Amino acid sequence: MSDEYLCNMVTVTVTVMSETQRAAFYVGKGGVGKTTSAAHIATAAANLHDLSVVLIDLAGTQNDLATQFGLADDVADPDAPISAVFGDDWEFIVDNIPNIVERMVYDTGEGPDLIPSDAGLSGADNNLASIPVEQRYLKLDSFINNQLADQYDLVLLDLPGKEDNISLNGVFAAENIVTPLCPGAFERDQLDNLRGDLAAIREDLEDVLAQHDVHPHLSMVIPTMIDARTTQSEEFVDDIEEAYPEISGEPVAQSQNIGNLQSDGRTLLEADDEELYSTGKRSRDAYQTNTELLIEQLTPR
Amino acid sequence: MTDNPDADPEELLQQSKEQSRHTSEPSETQHSAEQTVDRVTAIKQALIDIDDGDAPENINLRDARLKSLFVGLSETGELSQIATELETVVEGDTAVSTNSASQSDVARLLLRVGLQEALPKVLEDAKEARKQKVLEEADEY
Chain A
0 MSDEYLCNMV TVTVTVMSET QRAAFYVGKG GVGKTTSAAH IATAAANLHD LSVVLIDLAG
60 TQNDLATQFG LADDVADPDA PISAVFGDDW EFIVDNIPNI VERMVYDTGE GPDLIPSDAG
120 LSGADNNLAS IPVEQRYLKL DSFINNQLAD QYDLVLLDLP GKEDNISLNG VFAAENIVTP
180 LCPGAFERDQ LDNLRGDLAA IREDLEDVLA QHDVHPHLSM VIPTMIDART TQSEEFVDDI
240 EEAYPEISGE PVAQSQNIGN LQSDGRTLLE ADDEELYSTG KRSRDAYQTN TELLIEQLTP
300 R
Chain B
0 MTDNPDADPE ELLQQSKEQS RHTSEPSETQ HSAEQTVDRV TAIKQALIDI DDGDAPENIN
60 LRDARLKSLF VGLSETGELS QIATELETVV EGDTAVSTNS ASQSDVARLL LRVGLQEALP
120 KVLEDAKEAR KQKVLEEADE Y
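Chains as they are written, first to last, in numbering that gives the first Met the number 0: chain A, 0 to 300; chain B, 0 to 140.
In isolation and in its complexed conformation, chain A is listed as follows (with noise of 0.2 Å):
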């Protein structure tokens, strides 16, 4: 082969994105056991199944997923805060700050990593209003393309009880979505909402979503806190299965292992036999199978 053959070669470089699956926990209200819920499947998808895992915090300044895994002394004030991925001089920071993962990211010492969140995020959420719309939602997407799916063959996001701009990053970055519900006059209405929420986004936002290839959609509906003795709750099951058949979720018993190993900054899955009632015992149980269930929904992207 001659050297000018050679010289007029074009050389190819493929570049192979890693694929990385990835779930938001979403419901338009608090206290549903949206962040338990996500600890959990954290949790157990990093020990039960092998998997490289993030959580990401992104539901408000309370750092409750911290908390979960006994680091809110830790990130109090983190390193490298997750609120900076919302900003304009993002690029400038990635470009200049090799590390920044690397500083961005905690051990939580039971499998799964945790990027925390952090005071900004609210400001961050403000300034992403005066952003196109072409660019205002595809920051955290963007985020996890090109920061985290080298590392994590799973990323969860914890996201905020209410729809705003970090919520709907969320929305689009995981286009999986995980609703916990708890029993109550108004939770099946809450459910009934966000997919129509999740509908009405599809239609009003569908050339950004169609230019990106992004479709949002509910992925699995949890039923949480379920006390069996109560009619209530056998109730807001069947209702949930009989509304919601193919994504209905194991029911997770309500437990006082839940709340006192949170204190303790632990899951269930960390705690021995020994320590669980037989409702922690269930409730470990059921997000195990819950874990199992949402890996064999999600597709890699």
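These are computed hints drawn from the structure, not numbers from a lab.
Where hints are given, some of them may not hold.
Here are the simulated DMTMM-like cross-link-like pairs (lysine to aspartate or glutamate), alpha carbons at most 25 Å apart as the crow flies [stated by the list, open to error]:
(1) A:280 to A:234
(2) A:138 to A:18
(3) A:138 to B:17
(4) B:16 to A:101
The model shown is predicted, which means the values in this text are computed figures rather than measured ones.
On the provided structure of chain A, position chain B as indicated by the hints.
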């Protein structure tokens, strides 16, 4: 993204934590991205269109409460007195006759006071637009 080549990435990163809902304002970059037409140019073009008779020079407002207020001031004969008070606050020539001020005159003065107080930069751009238009017209001769 920052245009400053000397910007400190670590400082920018840490500033993210300081953002808050009640103090955050859109950055210039974001503002520019959304504002595809330069404001001065847009105002200048509107001035030219109005001069050429291609655009109306009136502003229509629909606001029942404000309308009732103006009618009330008109009924009590206070419009001229209010116009006089407003003119002492407004900077520049207003071309309003304060001896026989109309509801429209008072509304115009109030708008100018509002712009002057709340949006001085917008008012500056309007002045700049008028200046550019006059200079371009002078060049044509």
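The hints, checked one at a time:
The suggested pairing of residue 280 (chain A) with residue 234 (chain A) holds, with an alpha-carbon distance near 22 Å, which does not exceed 25 Å. This hinted pair checks out: residue 138 (chain A) and residue 18 (chain A) have alpha carbons roughly 18 Å apart, not beyond 25 Å. A distance of roughly 19 Å separates the Cα atoms of residue 138 (chain A) and residue 17 (chain B); the hinted pair therefore holds under the 25 Å criterion. A threshold of 25 Å between alpha carbons decides the hint, and for residue 16 (chain B) with residue 101 (chain A) the separation of about 18 Å falls inside it, so the pair holds.
Of the numbered hints stated above, none is contradicted by the structure.
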